[in-house]
Amino acid sequence: MSATTTAPKPGSTALPAFRPSMKVPLSLGILALIALVFFGFLGPDQTAEMKISDAGDAVAVPALMIPGQVGGVVLGILLLAMAAYSIYLWTQGERSPKWLPIAFAVVFVFALLVWIVAGARQPSISLAGLVAGSVTLAVPLVFGSLSGVLCERVGVVNIAIEGQLLGGAFTAALVATMTGSPYIGLIAAAAAGAAVSMVLAVFSIKYLVNQIIVGVVLNVLVSGLTGFLYGTLMVPNKEQFNTPGRLDILPIPLLSDIPIIGPILFEQSIAGYLMYIAVAVVWFGLFKTRWGLRVRAVGEHPQAADTLGINVNATRFRNVTLGGAIAGIGGAVFTLVTIDSFTKDISGGRGFIALAALIFGRWNPIGAFLASLLFGFAYNLQSILGIIGTPVPSQFMAMLPYLVTIFAVAGLVGKSRPPAASGIPYVKG
Amino acid sequence: MGVVKLELKGISKAFGTFYANQDIDLVVESGQIHCLLGENGAGKSTLMNVLYGLYEPTAGQILVDDQPVNFRGPGDAMAAGIGMVHQHFMLVPVFTVAENVALGAEPTTFGGVLSIDETRKKIREISDKYGFDVDPDALVEDLPVGVQQRVEIIKALVREAKVLILDEPTAVLTPQETDELLDIMRQLKAGGTSIVFISHKLREVKAVSDVITVVRRGKVVGDAPPSASATELASMMVGRPVSLSLNKAPAQPKETTFVVENLTVRAANGTNVVDGISFTIAQGEILAVAGVQGNGQTELTEAILGVQEHVTGSVTLDGKQLLGLPVKDVLRSGVGFVPEDRTVDGLVGPFSVAENLVLDLYDQAPFASGISMKPAKVAEHAKAKIEEFDIRTPSAGSAAGTLSGGNQQKVVMARELSRPLRLFIASQPTRGVDVGSIEFLHKRIVAERDVGTPVMIVSTELDEVIELADRIAVLYKGKLVGIVPAGTPRDTLGLMMAGVGPEGGSDD
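Protein chains in written order, with our numbering: chain W, 1 to 429; chain H, 1 to 508.
Just chain H, with the same shape it has in the complex (with noise of 0.2 angstroms):
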């Protein structure tokens, strides 16, 4: 196999007047893995975009081999020896792995007939060689994710790629497949391949890197070997000291005052996404709910909300039934919910953060007082919220949507945390937040337990369940896989995630 050694130099990409890569010196010795380490937002993706040819970059150039080269479309990039397996990947649903693998270089006979028998051979090869175990006739739709990618991954090999991006390739896998994953670079790497890995996940990138780049708004910060410690990485990746480790005291579970039992959500199609689901959480504890997402987290905690049809089965907070409750009922029995998707669910993105900070309270004491608004109040209000949970606003007045993550995510959770909570719902708590406003909300979310309120946290992030959790339920297929203490092994976890139970083969 040939191998490409690969260079950016001075690469810049605006869009507006929104740098969203600045001058970025890179460089991809063959036949190493390279990673690049960075925040959500950091330019990683619009880089790998630009080296792919599907962004023409403002400034700079890229070299291949030494030779400058012009991406003018991701076919001038392929036939250079670059392939790319994005984080939202690229496949047809509705085709069938070969057709998907044949797309865009297609063999073909006389008159541009498609012969896939060609495609399905070179297939079996690849799967075979690297133990993939993909069949070249399944249709991609019917297949989980982490095959869907393996084909994404034969994509680029049949192309001859020497080059391989993978842009955020373990954010859809469960630790397992990621582990697998982790050993199909390490043999892709053995072959002649380089890869070039985007990740924001500390403990992977350390796994299996040989060199570390890491990129902060737009730039690069500086390089970094594998063997740095995580809490380094992490400074350099925020640009400030961080500390990983949450060092949350044990929980002191009182009273039991939140009781599901046998929830179960039926969905449009007759399946079950929610099947017969029941837990407890006490006053004092967190429990955090692991899963590879889709297995029914996002539906059990709309359930408990009330904004989910066709739900059975029996919700009490303090002993008062929540299922079949109008929302604001829910919210008014002292439920927090900070939803998984900001913003879409969490603020409206044109209004001002003084409003998104009252959107559950506006109508009520001391913010209104029969059909009006108080904006006194509300402002009143905001200042104290901006202030208590550090959000980094231009003003009190300014549109929630032009925050960033991590500042929209204080936003919600201010608002949910307060009124007086006798439960508090989080989902994603952190998701898409920089690592410095990941600390804080963890914090703030500790200090609610530790008030006494019952707190349920649901994440696909196995990192996160772990620092928060006092007990772990995981999901798999809308089923409840298992509750496990706090400190069971990142290993049973995984298996959980992959719907094996705690104790050997059984599932309850």
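Isolated chain W, as found in the complex (with noise of 0.2 angstroms):
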């Protein structure tokens, strides 16, 4: 290094030494005394059901029994001790691990689990249930975040993964039900979200047009055609135009009696396994390889991608159509996997859910995955809790997956940095 650098002075003004900041192990301590109070204290005495595998699994384990006061006080006290690691870190001038945040959410929401279903009408549960349908609706939502990191990565805001997921579910059910296969539904949807995302890329990158306003105004477009096209055409013809049948599930022999994960991973439609291959190319497409490097170079700094012979524009048209596409494959999911017909406005505002997955997500194809998992998690647990009755209002319970996402979105990302050129049209000269 040529740099030269001065030596620290030690007689020069003093400054108060580093503090890292406090938000961390403050919100931890609050939430874990809130714990051990009302899950432990003042928590139900039912015992709590926690079964782990289904009757028909090739292996059997035993449901986990939690008694519900002695195990919120457990799990309150776990959770207080680790927030006091965190506060004795603190004053040691020093941050909490990333991994702490993380163990202390997954204690905190197993505790709420705890709470919750022990006080239920039928204090019982499937733990392998409650994964499985997690991911079964975090599907459209990885999905919809794979689009939004493909399109903010190479430098344009897609406010319009709404609009796309919506635009796929409809042509999904349309073109499966007039051509009687799912399978060729599933590839309209990708051509139809690749259509609106198109109209995003033009008026974006070519007219210059606010990305805000473009990707805002989509999602009311897309939302009023296909809510007049359904009421129309599919509620007087329901037979004819909204009867796409679903895509088959594929287990996968074997592998899909593993308690747990064999559900997850094993036992999908087509959709399930394109979204684990989706994440996979598209991390390693992006980080591994040349096409990836350009794209990255182009959404932090479109004129150096320029001066060295990059098509700036043409790379985010490509990126964003291509988004689009993966978008419209997510909106399949909702007409040929979860129900097999279109109604109107079926996405119901995931796809911004899907944006909060993929900002949560640190723009990386892994970290959208997760935060959807974690999303899908919360629209699962709020269904399930009303099956098995829980005391806690049907109203509060549908609040859920917005909460967590304002949680997560505020609290635990911190300073995540986007891609510098993201949201700015690239002007040559």
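Hints are not guaranteed to be accurate.
[Said to hold, decoys possible] Derived pair list, reagent style DSS-like, types lysine-lysine, alpha-carbon separation capped at 30 angstroms:
no., chain 1, residue 1, chain 2, residue 2
1, H, K206, H, K443
2, H, K122, W, K288
3, W, K428, H, K5
4, H, K443, H, K328
5, H, K5, H, K189
6, H, K206, H, K121
7, W, K288, H, K121
8, H, K189, H, K129
9, H, K9, W, K428
10, H, K254, H, K328
11, H, K201, W, K428
12, H, K189, H, K9
13, H, K201, H, K5
14, H, K443, H, K383
15, H, K254, W, K428
These are computed hints drawn from the structure, not numbers from a lab.
With the hints as a guide, bring both chains together as one complex.
What follows is the structure, given as structure tokens:
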């Protein structure tokens, strides 16, 4: 290094020592106390049954039986210990390690689960079902957030994920019904998502219209258009236009019998397998290939890319289109996997949750995948808890996914850095 | 290494009706350092962007080894053996050195999978050959600018550039880094690479060039040998005789009226961008603050004016504490302030010259009474100042933003000097100003000193600091490295700008 750096001056103006933010230790402490008091001391006295394996599984694992109050106290003390460790680190002027908030969150959620289940009319849930259902609900979110990753990494903000999902869902239902094949419906959904995305690409890249505005307008446009076609076409002629049938579940023999991870990984429709493949391929592509290096360069410093002979706007156009196609496949999941028909606004704001997942996942495909799983878990918990009859009002349970989103994005993300040129149109010269 | 002869024939580049380049002929012989000398806005960078394929020429032809070529983009130029180091580096800050070097010409294995190891190896080879000392795995944003520049040079060399264009490469460097760069240029030349060196700094140009081509207002004025005197070269750049030395009288410092004590400015990230700075300025002397850009100069001057937040310490003028006062009160205390970026902070571009000349006094007699302004008085004032400061403008009503850089700066200077001052602060008083106007502005600054005002100049141009200063304060990373008298050797100042104290290694 040629830079000459001065040696630190012992006698110069003394500065207060660096102190990490006390946001993390403080919030952990408060949450641990809440858990101990409400889930523990004021907890329900029923015993919660957590089934790990289903009756038909090859390996039977006994269910976890956790007494509500005792379990709450034990978990609460565990949480308190973690919070204390974090506070201790803070007094030593050190940051809490990254795993600590994550481990804390896992234990906290478990304590919450015990509290709710033990207080329910029917104090028993299947953990395997809970996790598997979470993955199923997360599939459209994963596709949506991958679309966001592809767009933002190349410098285009994709607010239109919602519209791409919805366009995909509608087209999948329509085409699958008309052709009689859900697989053709799936391909059509990708094309529809790409078409929505191309509108975004043309306006934001070629005509330099504000990307947020184009995205919002597209969401409204797709919602209106599919709503109109649904009302005029699908409702009166359900047999002809809105009975797509489902994508077959293709369990992989033997592997799908493993408890918990079997149904998650190896008992999916083609869309579910495509999701795993897409996450892996996008990650590998972005970080290990020439294509990815160029994409990221365009999203970080388009002018630098331009001076090296990379066509910035063509790269952006391609990526945004590809992102749309991926989101379109995610949309097809609504109408070909989750249920087997289209209804108005079936995506129900999942596109925006996918956007949050992408930010929570720090613009990284794997991060976005994990964040989507978390949101999928929140969605699933809401419906399962409704079924077993918790004392918590259902309106409150319906808020759960969005509460998780807000806390995740606001609290745990910290300072993450989006691609530098995200949202900024590139004009030569 | 192959050698390339580069020829530009009758190149013109127009933006609308404005010709940035007009009918330019230029021959860069192989293995030479060919300097393109001209003022800011003379069209040097435009010409090089044409050569590099970023702009398409309106007319004219580029020949490489006597073969006409047509560059559709930088890719074509690179393929023809032309590399360019831009004034503003074209590096992705969050990428490693190796990723930046690989970008656009990535070595890959099957299926486009990056094999970045190959690039690493090449970087090490080049780095060892020229003594660059660049770590291929360092993140670019963590590197000092001097090293970033070497990464840019490596980028060109990896692509086997035979002609290297360096666009104002020394603008961001300390004098030491500049000397190192000049050495690197000589080494590259010895290795057979031709260099086109764009600059407006006469000293560097004379030190390293084989041929100098002077450009003025988009046209080639002529060639000069490096043995030509600085005055000759400056006159060619400006188009009329200029005197480069100021010949100012020695300072007659009187009472010390401006005292800064332990001034500290804390940035949002918790670091001190200005760190415990103390100095004084007496009436009738110029203190010049030197330092490489971004070492706290901006924050220092803005803290004195009162537009910085999180400032501690003390700033007194005539015994009165300025810290904590609203900006308006600071100005009313007799502070004249020329901001470093006139287009952002110094002028309101769409306003007329006349209005800009009274931006600080518009609400006071004689320009206003009660709530009404007096346009006649404003116009009268403008007429006087335009004459006094030789502001070249179509009329007093022309929008200030349409004037040339030098004339805009004269408007700012005229406004700030038209009040009775107790302190005058000028930041980058001649940045982007033509050589002719520099002379004039410098004389005005000295004149203000001679009427007994304490004057503080902040400049990143060492030449300007040496020219104007009665005493020189050097900033490095927000700290005052030291205050030395005028006449301190350039080398010492250069070391100070890199953080090394004036006496050996100590800082204080």
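Evaluated hints:
The hinted pair formed by H/K206 and H/K443 meets the criterion: a straight-line CA distance of about 26 angstroms does not exceed 30 angstroms. Between the alpha carbons of H/K122 and W/K288 the distance comes to roughly 19 angstroms, so the proposed pair stays at or under 30 angstroms and holds. Of the supplied pair hints, the one linking W/K428 and H/K5 holds, its CA atoms being roughly 29 angstroms apart against a limit of 30 angstroms. Our distance criterion of 30 angstroms between C-alpha atoms is met by H/K443 and H/K328, whose separation comes to about 28 angstroms.
Taking the CA atoms of H/K5 and H/K189, the gap is near 14 angstroms; set against the 30 angstroms cutoff, the hint holds. A C-alpha spacing of about 36 angstroms is found between H/K206 and H/K121, which places the hinted pair above 30 angstroms, so the restraint is violated. Proposed proximity of W/K288 and H/K121 is supported: the alpha carbons are some 18 angstroms apart, at most 30 angstroms. Note on H/K189 and H/K129: the hinted pairing holds, with a Cα-Cα distance of about 13 angstroms set against a maximum of 30 angstroms.
At roughly 25 angstroms between alpha-carbon atoms, H/K9 and W/K428 fall within 30 angstroms of each other, so this suggested pair holds. Note on H/K254 and H/K328: the hinted pairing holds, with a Cα-Cα distance of about 27 angstroms set against a maximum of 30 angstroms. For a cut-off of 30 angstroms, the pair hint linking H/K201 to W/K428 stands: about 28 angstroms separates their Cα positions. About 24 angstroms separates the Cα atoms of H/K189 and H/K9, which keeps this hinted pair within 30 angstroms; it holds.
Only pairs whose Cα atoms come within 30 angstroms are accepted, and H/K201 paired with H/K5 is accepted, the gap being roughly 26 angstroms. Restraint check for H/K443 and H/K383: the C-alpha separation of about 21 angstroms stays at or below 30 angstroms, so the hint holds. For the hint linking H/K254 to W/K428, the alpha-carbon distance of about 55 angstroms lies beyond 30 angstroms, and the restraint is violated.
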